[in-house]
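Enquirer: Please build the complete structure, drawing on both the sequences and the hints.
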Amino acid sequence: GNSVTQMEGPVTLSEEAFLTINCTYTATGYPSLFWYVQYPGEGLQLLLKATKADDKGSNKGFEATYRKETTSFHLEKGSVQVSDSAVYFCALTARLQPGGYQKVTFGTGTKLQVIP
Amino acid sequence: DAGVTQSPTHLIKTRGQQVTLRCSPKSGHDTVSWYQQALGQGPQFIFQYYEEEERQRGNFPDRFSGHQFPNYSSELNVNALWLGDSALYLCASSAAGPNTGELFFGEGSRLTVL
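So the protein lines, in turn, are chains H and C.
Just so you know, the first sequence maps onto residues 1 to 116 in my numbering.
Just so you know, the second sequence maps onto residues 117 to 230 in my numbering.
Think of the hints as simulated: they come from the structure by calculation, not from any bench.
Hints are supplied without guarantee of correctness; some may be wrong.
[Stated by the list, open to error] Calculated lysine to aspartate or glutamate pairs in the EDC-like style (CA-CA distance at most 20 angstroms, straight line):
hint, chain 1, residue 1, chain 2, residue 2
1, H, LYS111, H, ASP54
2, H, LYS52, C, GLU218
3, H, LYS77, H, ASP54
4, H, LYS52, H, ASP84
5, H, LYS60, H, ASP84
6, H, LYS111, H, GLU8
7, C, LYS142, C, GLU223
8, H, LYS56, C, GLU218
9, H, LYS77, H, GLU8
10, H, LYS77, H, GLU16
11, H, LYS60, H, GLU76
12, C, LYS142, H, GLU76
13, H, LYS111, C, GLU223
14, H, LYS68, H, ASP55
15, H, LYS60, C, GLU218
[Unchecked claim] Pair ranges (Cβ atoms, derived):
hint, chain 1, residue 1, chain 2, residue 2, range
16, C, THR125, H, THR108, 23 to 31 angstroms
17, H, GLU16, C, GLN133, 31 to 39 angstroms
18, C, GLY144, H, GLN113, 30 to 38 angstroms
19, C, PHE185, H, GLU15, 30 to 38 angstroms
20, H, THR28, C, PRO177, 38 to 46 angstroms
21, H, TYR39, C, ALA118, 15 to 23 angstroms
22, H, TYR39, C, GLN134, 30 to 38 angstroms
23, C, THR136, H, THR70, 43 to 51 angstroms
24, H, TYR39, C, GLY200, 23 to 31 angstroms
25, C, THR121, H, GLU15, 33 to 41 angstroms
26, H, TYR39, C, ASN175, 26 to 34 angstroms
27, C, ALA211, H, GLY1, 23 to 31 angstroms
Every residue, glycine too, gets a C-beta built ideally from N, C-alpha and C.
Expert: See the structure below:
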């Protein structure tokens, strides 16, 4: 079955530091890949996505590139802010035949804390 | 444009009781999925509803059941509650038309079982 493995947290960084959160996946076929973010006390929000190999998803300064050869989708940001403190989830889904999508499978989440 | 709305936001139950959680999907969405998120964990898929039928189900016992109404809203029912059911229950909606499989989440219903 499909699975997602992401680095354990918490990750603590100083403001303006470079961020990398590693994510690797196992899936049949060609899944779509996502990063979701969960701020304290809230539901999950889609941060970025990529739907095919070599696609780069980007949003709010965050980026991730769909690497099929290494089955990875690492999240990066060049300069983090205190407001980026949250839990980040890597996730994937794959198409069903004849239509629709499989359930979205999530990693366990990585908590990021940015200190001033 | 209203997003996904869930109710209630918080509730407390005792072991053996039953609970019903409600969800209204984002406007234009017709597919609803339910997830359970235990503290410090990622969301775990419970089931998905489309056209008022359960289309996919995760590894949850039959105590977890659901329903989808003609207006696409949905309910999650859990019977015979036990302590391990304490979690944040997330509803997510998606569109059946051309899309990339992304989900739109509500704020969740936090269930505490005593």
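Enquirer: Run every hint past the structure and note whether it holds.
Expert: Evaluation of the provided hints:
Distance restraint check for LYS111/H and ASP54/H: the Cα-Cα separation of roughly 26 angstroms exceeds the 20 angstroms cut-off, and the hinted pair is therefore not satisfied. At most 20 angstroms may separate the alpha-carbon atoms for a hinted pair to count; LYS52/H and GLU218/C meet this at roughly 14 angstroms. Straight-line distance between C-alpha atoms of LYS77/H and ASP54/H comes to about 18 angstroms, which keeps the hinted pair within the 20 angstroms bound. The suggested pairing of LYS52/H with ASP84/H is violated, with an alpha-carbon distance near 27 angstroms, which exceeds 20 angstroms.
Proximity of LYS60/H to ASP84/H is assessed by CA-CA distance (about 10 angstroms); at most 20 angstroms being required, the pair is judged to hold. Between the alpha carbons of LYS111/H and GLU8/H the distance comes to roughly 8 angstroms, so the proposed pair stays at or under 20 angstroms and holds. As the CA atoms of LYS142/C and GLU223/C are separated by approximately 12 angstroms, the hinted pair is consistent with the 20 angstroms bound. Distance check on the hinted pair: LYS56/H and GLU218/C sit about 16 angstroms apart at the alpha-carbon level, within 20 angstroms; holds.
At roughly 18 angstroms between alpha-carbon atoms, LYS77/H and GLU8/H fall within 20 angstroms of each other, so this suggested pair holds. A hinted pair counts as satisfied when its Cα atoms are at most 20 angstroms apart, and LYS77/H with GLU16/H qualifies at roughly 9 angstroms. With a C-alpha separation of about 11 angstroms, the suggested pair LYS60/H and GLU76/H falls inside the 20 angstroms cut-off, and the hint holds. At roughly 29 angstroms between alpha-carbon atoms, LYS142/C and GLU76/H are farther apart than 20 angstroms, so this suggested pair is violated.
Straight-line distance between C-alpha atoms of LYS111/H and GLU223/C comes to about 18 angstroms, which keeps the hinted pair within the 20 angstroms bound. Among the hinted pairs, LYS68/H with ASP55/H is consistent with the structure: their alpha-carbon atoms are about 10 angstroms apart, no more than 20 angstroms. Simply put, LYS60/H and GLU218/C have alpha-carbon atoms about 18 angstroms apart, close enough for the 20 angstroms limit, and the pair holds. The hint said 23 to 31 angstroms for the Cβ distance between THR125/C and THR108/H, and at roughly 24 angstroms that hint holds.
Distance hint check for GLU16/H and GLN133/C: the Cβ-Cβ separation is about 50 angstroms, which falls outside the suggested range of 31 to 39 angstroms. Range check, GLY144/C to GLN113/H: about 36 angstroms between beta-carbon atoms, so the 30 to 38 angstroms window is met. With their beta carbons about 47 angstroms apart, PHE185/C and GLU15/H fall outside the hinted range of 30 to 38 angstroms. The hinted window of 38 to 46 angstroms between THR28/H and PRO177/C is violated, with their beta carbons roughly 27 angstroms apart.
Checked against the hint of 15 to 23 angstroms, the C-beta distance between TYR39/H and ALA118/C comes to roughly 20 angstroms, which is consistent with it. Remark: the range hint 30 to 38 angstroms for TYR39/H to GLN134/C is upheld by a beta-carbon distance near 31 angstroms. For THR136/C paired with THR70/H, a C-beta distance near 44 angstroms keeps the hint of 43 to 51 angstroms intact. With their beta carbons about 26 angstroms apart, TYR39/H and GLY200/C fall inside the hinted range of 23 to 31 angstroms.
Roughly 34 angstroms separates the CB atoms of THR121/C and GLU15/H, a value that falls within the hinted 33 to 41 angstroms. For the pair TYR39/H and ASN175/C, the supplied restraint of 26 to 34 angstroms holds, since their beta-carbon distance comes to about 28 angstroms. Taking the beta carbon of each, ALA211/C and GLY1/H are about 25 angstroms apart, inside 23 to 31 angstroms as hinted.
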